[in-house]
Every structure is written in structure tokens, then in C-alpha cells.
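A.B. asks: Given next are the chains, with one letter for each unit.
2 protein chains.
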Amino acid sequence: MDAYQRLEDHFEELSRLGEVISVLRWDDAVMMPPGGAEARAEQLALLKRMHHERLVDPRVADWLDAAADEELDGWQQANLREMRRRRIHAASVPAELVERFSRVSSKCESVWRTARSDDDFERVTPHLRRVVKLKRQIAAAKAEALGVEPYHALLDLFEPGMSPERIDEIFDEVARFLPELIEEVLQNQARQQQPKPLDGPFRVERQQKLARRMMEELGFDFDYGRLDTSHHPFCGGVPDDVRLTTHYDEDDVLRGQMAVLHETGHALYNLGLPSQWRNQPVGMPRSAGVHESQSLFVEMQLGRSRAFSRWSAPLYQEILDKSGDAWSADNLYRLKTRVRRSLIRVDADEVTYPAHVILRYRLERAMIEDRLQIEELPAAWAEGMEELVGIVPDDDRDGCMQDIHWMSGLFGYFPTYTLGAMMAAQLFEAAREKFGEVDEMVEVGEFAPLIDWLGETIHSKGCRLQTDELLEEATGSVLDPEYFRRHLKRRYLDA
Amino acid sequence: MDAYQRLEDHFEELSRLGEVISVLRWDDAVMMPPGGAEARAEQLALLKRMHHERLVDPRVADWLDAAADEELDGWQQANLREMRRRRIHAASVPAELVERFSRVSSKCESVWRTARSDDDFERVTPHLRRVVKLKRQIAAAKAEALGVEPYHALLDLFEPGMSPERIDEIFDEVARFLPELIEEVLQNQARQQQPKPLDGPFRVERQQKLARRMMEELGFDFDYGRLDTSHHPFCGGVPDDVRLTTHYDEDDVLRGQMAVLHETGHALYNLGLPSQWRNQPVGMPRSAGVHESQSLFVEMQLGRSRAFSRWSAPLYQEILDKSGDAWSADNLYRLKTRVRRSLIRVDADEVTYPAHVILRYRLERAMIEDRLQIEELPAAWAEGMEELVGIVPDDDRDGCMQDIHWMSGLFGYFPTYTLGAMMAAQLFEAAREKFGEVDEMVEVGEFAPLIDWLGETIHSKGCRLQTDELLEEATGSVLDPEYFRRHLKRRYLDA
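Chains as they are written, first to last, in this note's numbering: chain A, 1 to 495; chain B, 1 to 495.
These aren't lab readings, by the way, just hints derived from the structure by calculation.
On a predicted model such as this, the values are computed, not experimentally measured, just so you know.
Watch out, some of these pointers could steer you wrong.
The list cannot tell twin chains apart, which means a pair is met if one copy fits it or any two copies do.
Said to hold, decoys possible - In silico DSBU-like cross-links for lysine-lysine, where the CA-CA straight-line distance does not exceed 35 Å: (1) K322 - K209; (2) K48 - K107; (3) K434 - K489; (4) K133 - K209; (5) K434 - K209.
Take these sequences, add in the hints, and give me the full structure.
C.D. replies: Here it is in C-alpha cells:
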């Protein structure tokens, strides 16, 4: 057997182990009673250790070297490239450091859970300092192996092909136009008719029924996945068995429904990955940003469009058994495109969301590059919020303690949310050009051409291309924030 | 580190892997959409291969040898004994044979699924012949390692300490008194008041509510487990996260409820295993027969008693919103103790059930010992049914093709159902002696003393003792079929 074939066999096993971990995590969040927590943690720790051991197996390095001289087609070469990248991320960090980091970040996360409720940033400070210190060591180790700067090395795990310099360029551009645009949008909204609130309560069974219907209309096949509920919505499972979750609020039907649209975008990506490369690195989603672009394509570009509200308003009325002005397409659209300066990222609208992300990106990069100390975080947070969002939190609970990411050791991920939003806008504009009257299609619920086009241009490509190549093939251009600006302007100012 | 400690670490990992397999199997039966089947089969195959590889690891043999000379307490010695047994079952069979058997039995099971519907035994014959042929090779390999006869070696996996000679003795005794006892019971029933049918349909949500209430009253803590639905009821999960399932029939409320009682008996055993030996072989259930004794203690001894019907009748009435004669304690009791000569084992009552099991035990032992050829099975089945149950099937679908066991390669398991029934009767009689007025306790729903006593005498013992020692400590006697005969006589003839 040649080295490349050995690699495929080896990475297939790794993928199966990853699938098992994914199913157990879904079960953890959706099904598991509290008594199972301890055993589950041990099960996951064992599986992750097995996964890691297999990835850093010295034979993999030998096979990767040998396979470089073998005759491979384009997909196989891309597969090899992705195998190499995965291995570098796993093998460049000493096992002892990985383990120490895992302990320290678990501890920090658990302290944070109570410290956040108590608004006690000081309690979390020493733990977060330890997390950042070890993360910097991890970043340094990966940086050396990848030949890039430390923050770049962390970013590479989630958004390969993207550099901090390019993000600076893009985010600086957004930071230049966004504060002014937010102000204009708010003034514009103030002049327009105010949305009427939707009067609940909304029974969970009806919300579920509505959610399933939306998913089906978008092409989700329940023979290949499930919809359940969990505290935070997510999309898990495996490519032929995608497990979506949402959270139903009895007083706010839009919240759960928009989360379902978002997760359905993620799900359609997973369901559409190239089946002939299933369980190979090249058959997996391109990046966190591209994944987010698919969820935001469905939620933001499609789901919050005026046309989608026209199509979905009768469904809301019928399934929730509601009528009246509040349930008109126009009112639903106004509710779904409401812009506010707000403190909490996860509740932010699509206009202010990038401001939240840019703040986090700048701060986390500064922490990794040792330009910002943990005790300076609250002040830097307030300053950044003032500049970017135009609102300042009264406390740390709704400030720098609101997100789990840093507390659990996740650095380099935040930018992908906004990169995804930009890709989504760029893709939707390309779809508009390709199909012409997209709004007319959406108004009658003709989503299949759009979803099929995403399938052809994005989902079925897996990791065959780099992100910029992928976008260029799909839209004629590499990532360009101008599409996003145009989208916001069109939806929030020109209408 | 000493050899024994290495073994504990190693078997802990094995147990964690086993837990993961158990959770995935539960998910498979309860949650998984059909599209996930292929990936799940691959995940399970990988995990089982990893489990097997770790169990046959040559270092385990060395550690087992070395640990024999180390100073160990009683629990540790019992642990070592169970480790040795597990390893013999895994290591004595050549890997190539295990794999061939797995393929051949999967094929046979899948042919059987359609052949059974078509009542086409000939179609399944060549496949079952292959299964039995390989199973005989497996039995021979294990027999050599264990120093026992081939069928004994198969039995040892499920019911260690039990020999075919002892089963012969016990089952021959039962076969002597049972046909006559069945006849007497039927005549007795014919003279008594006939039970009134329960008029449905019964909404699944109400059946669920009733089932949860029963489980809670029996001491099941939903912080440590779940109740769901699946095609066939089962009890899975892990000791702190026990996953029960049942199947609700809208027209037959007793069916689902009795299944829940049965599975709750299994669940309480798992929940009560010794926590300080969790994830060690000695901390696991003693045997298939002992496990079945716990389910049958709750379902048959307790759940079908007159006292339990007196206690539960008001709950049935209240939660199902029913009233009238059919819902009286007496009528429910009559329904739950109805005896019939029937063709299908899984639907059989507790009086005729052993007859079904004895038939299967005799036939499967004859197949393994090459005294019965596959093509002779239908005739032997009819003859045995006539002799033991007193009724003969018209076709093979409801005859020798009704059970999945042989088709999927499971031999040596059937006897444990009836061994469990006997242990349950023996345990209940011991409880009656210990607590005196057990019926009075059950009538007022005072189950805790009984369940706690099972916890002390059975659940918390894990595999510390051999089955006969366990029974002798709990009841003052090794397994004795006389308890079972007395139970049947008391419930079905003397009342």
C-alpha cells in the first residue's frame, strides 16, 4: 500500500472517532440527565486522548513525507494539505502543555460560570491570566511550526488562509464606516413606522411545528437529521445525521425560529459535503468563517429579507393560529430587522454585530501579543464599546465577562463570525446576479435553486479549494467587505 | 506500579469504551434518523475493534500472571477473576474467526428479517447453518481455554458458574411439573370470573406520565436516567445515566407499563452497582440471569402481584382518567396474571414462559453439539412445543424463526431468562420471610424496603461473589427451582 492510502485509512479512523465525540456532545447537551456528567466527561477525555494519540503517531509524519512524492490528483493533494495542517496543529504543541492548558481552562470556565453571575471579574482574573499565558505558549509553538506570527497560528486552526494583516485591513475598513452607518440606520428607523410586538405566549409544540416546516421548506430531510432543544442552539452530529437544536422562548417566537434558520444553514452545509470524500479531511467544511457564511446566508440574507417575511407570514399565522396587523409580512420584517445599540453580542442585530466582533478581535490579539494585561480588560472593553458600538456596559457581567470563549481558552475564533457575515453577503449578491429575480423566488418559497447553488459552489467543495479560491469561483471575487457594506446599506438605508 | 494496578487502569479504559458503545446503541435505537445508520455501524465497528484490541493486548496476560502473586483483598481478587474470564473469552478465539463470524451472522440476521415475514425458513437455512458452524468453532476454542464442554463455554459468557449439567437438572425438573401445572392453571382460570378488557385508546402522553410515576414510586431518580420509546423495550446507558425504553401500544396500556416495570428492575440494578468499583469488572452486574432476576422481581413478583394491583389501580384510574369495573384492582390483577398457551415467547405469561425457554435451550445445545441439523429444526420445534407448551405453530414464522437470537449468532443466552425467573421467585420468598407482611407494604406503595434490600444483597455486590454464593447469602440457599414452583402454585392455583 502506498503512503497516501495509509493516510486515508488512518484519517478515516480519526474521523470516525471525531463523529463519536460529536454524537456524545450532542447527547450531553440535549439528552443527558445531570447524573451522567462525570462519566461523560471521562468518556470524552478518553476519546479525545485516543484521537490525539493517533494524530501525532510518528508514522503519520513518515507517510506525509512519502506521499509528497506520490502521484496524486487535485482532491488527493488538497487532502494531503489538510492532513498536514491538522497534524501540525496537534503535533507542534507538547502533550504536557496540552494537558495543562486543558486543566487550567476547564478551571477558568467553571470559576467564570459563577463569577459572571456575581459580576466579579477579579475572581476570574488570575484564572484567565493563566489561560492566556498558556495559550501564548501554545501559539508560540504552533507559530514556529507554521512559520507565522503567534496570533496567526491560532487563527489558522479555524480560518486557514486568513492572516491577521488581512483581517486588520478588512476590519479597519468596517470600523471606519460602521459607527456612522449605525447612527444613520437608527435615525432612519426612528422616522419609520414602529414594529408592533407579537403577543404570546407561544406554545412550544406550535413553535416546533413551525420550525420543522421551515426546515423542510429549506430542503432539510428529516431522514438525515433531527431537531431538538438545548440551552444554546447548535448544529452537531455527523454529515448524514445532522443534529440541530434550538431554544424556544414562550414569549418570543422569532428568537427560536431565527435560531432554527441559522442552524439549518449550518446543517445544509454538513449534509451537502462531498460524500465521496466523507471521513477525509478534504471532505470536511472549509473553515469556521465559511460555515458561518452558510448559517448567515439562510438566517440573515434569506431569512430576514422582506421577501422571506412575505412568504413566511402566512405560515406563522396558520401554525401559531394568529392574525392581525402584528402578523403582517411588513411587521414581521420590521421586527426581524430591528437595529439597536446593545451590550450583548449574541443578541445583537446584523448591523451592530461586527462592531462586537471587531472589539473582541482587537482585544484577544492584544492579549496573545502581550500588549494587553487581563486587569486592563474591563477598561479596554468600555473604551472599545464606546468607539465601535456607541454604548458602554455598567458592569463586567454584560461586558468582558459575557462570552465563554476566552474563559474556556478559545482564541482566534471571534473574527470568523464577521468574516462569515461578509461571505454570506457576497454569496447572496452573486446569487442575485445569477438568478436575477431572487426576491420573486423567495416570496413564493422557491428556495431550492438557491440551496442547490450553495451545494454546488460551496458545500460539495469541502476543503478542495482555499477559502479565497472558493469565493472567487462562486462570486468572481475574493473576500471583499464592500458586499457586506452594500447589503447593510440596501436593507437598512435605501428601503 | 504493580501489575494489579496496571490492570485496573487498563480495564477502566475498556469500561469507558464500553460505555460509549452503550450510549451509541441507545441513540441508534431511540434517536437516530435512518440516514445515520451507515456511519453509526462504522463507528460501532471501530469502537468494538479498539475494545477487542485492548482486551487481547499481550501485556494484559503478563499483568494477570504477575498480579496472581500480589497481595490482594477479596474485591481485588474477584476483580482479577473477572478480568481473567473476560480476557479468555476475547483472546481464545482467533481474530480471523471473530471477524468471519461477525460477517456471517450479520448476513444471516439480515436475510432472516425478510425471510421471517415471508415465512421462508429454507431461505435462511444455509445462512443459519454457517452461523452454527462457526459458533461451534468459537465454542470449541473457548472450551479448550476454559477446560469445559463447548456449550458450557458459550454459557459461561452470560452465566458464569452455571453448567449445562446443572441446567439440565433444573430444567428437567421444571419440564416434569410444568405441563401439568399449566393444564391445572388453565382449568382453574376457566372456572373463575373472566377479566374485562380495558377499553382504549390510551394516549401516549398519559401512558408516559403513568410510566414515569411508577418508576419514581419504585425509586428511580430521573437525575440519573431517562425513559424513552423504542421499537423493543430495553435498558441501556451507563450506571449513573440509565436509559430505559418502552413501547406504547395505544390499545393496550398494560403492555407498555409492564415493560416499564421490567426495565425499571434492570435499571435499579445498574444504578445500585458498587460505585467504588465503577468501571472495573468486579463492579459490573453478576450475570445475565441475575440481571433478569432483578427485572422479573419488579415486573413479575412485585408488579403482577395482587397487592401491587391494589396499590396501582387508583393511579391507572387517575392518570388515564378511567373508571368502572374494568379498572378495579381485581380486574387489573386478573388481566396481569392471565395464562394462555401461546406461540410467541416474548408475549408469553410467566407460567408458560419457561416452557418456551426450555425448548430453545435443548435445541440450541443440540445444534452446538451437532446432534441437530438446521433442516431438522422446524420438526424438532413442533415436537418440543407440543410436549412443553401444548400448542404447535402452523408456520415457521411463529415457530423457530420468531427470535432474533440464533439468527444473529447468540447461543447460550436463552436459559438465563428462566434462571432469572427462578432467582426472582427465590429472592421474593426471602423478602417475604425477612419483612413478614410484604403484601401489606406493597398495597400502600411502600417499595423502598424491598428495593433497598435488593440493593444491599444483590446490586451493591457487583461480581464480588459467584452467583450461587450471592443467592445463598441473600436467601439462605443456592438456586433452587422449588421456589419458582411454589410461587406459581401460590399465585395461580391456591388463590
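A.B. asks: The structure should be examined with respect to each hint, and the outcome stated for every one.
C.D. replies: These are the hints, each one checked on the structure:
Taking the shortest alpha-carbon separations for K322 and K209, both the intra-copy value of 14 Å and the inter-copy value of 31 Å come in at or below 35 Å. In this assembly of identical chains, the alpha carbons of K48 and K107 lie at most 35 Å apart whether taken from the same copy (18 Å) or from different copies (33 Å). Within a single copy, K434 and K489 get their C-alpha atoms as close as 21 Å, which meets the 35 Å cut-off; across copies the closest is 81 Å, which misses it. Taking the shortest Cα distances, K133 and K209 never come within 35 Å of each other, neither inside one copy (48 Å) nor across copies (52 Å).
With identical chains, the CA atoms of K434 and K209 are at most 35 Å apart within one copy only, with a shortest distance of 33 Å there and 54 Å across copies.
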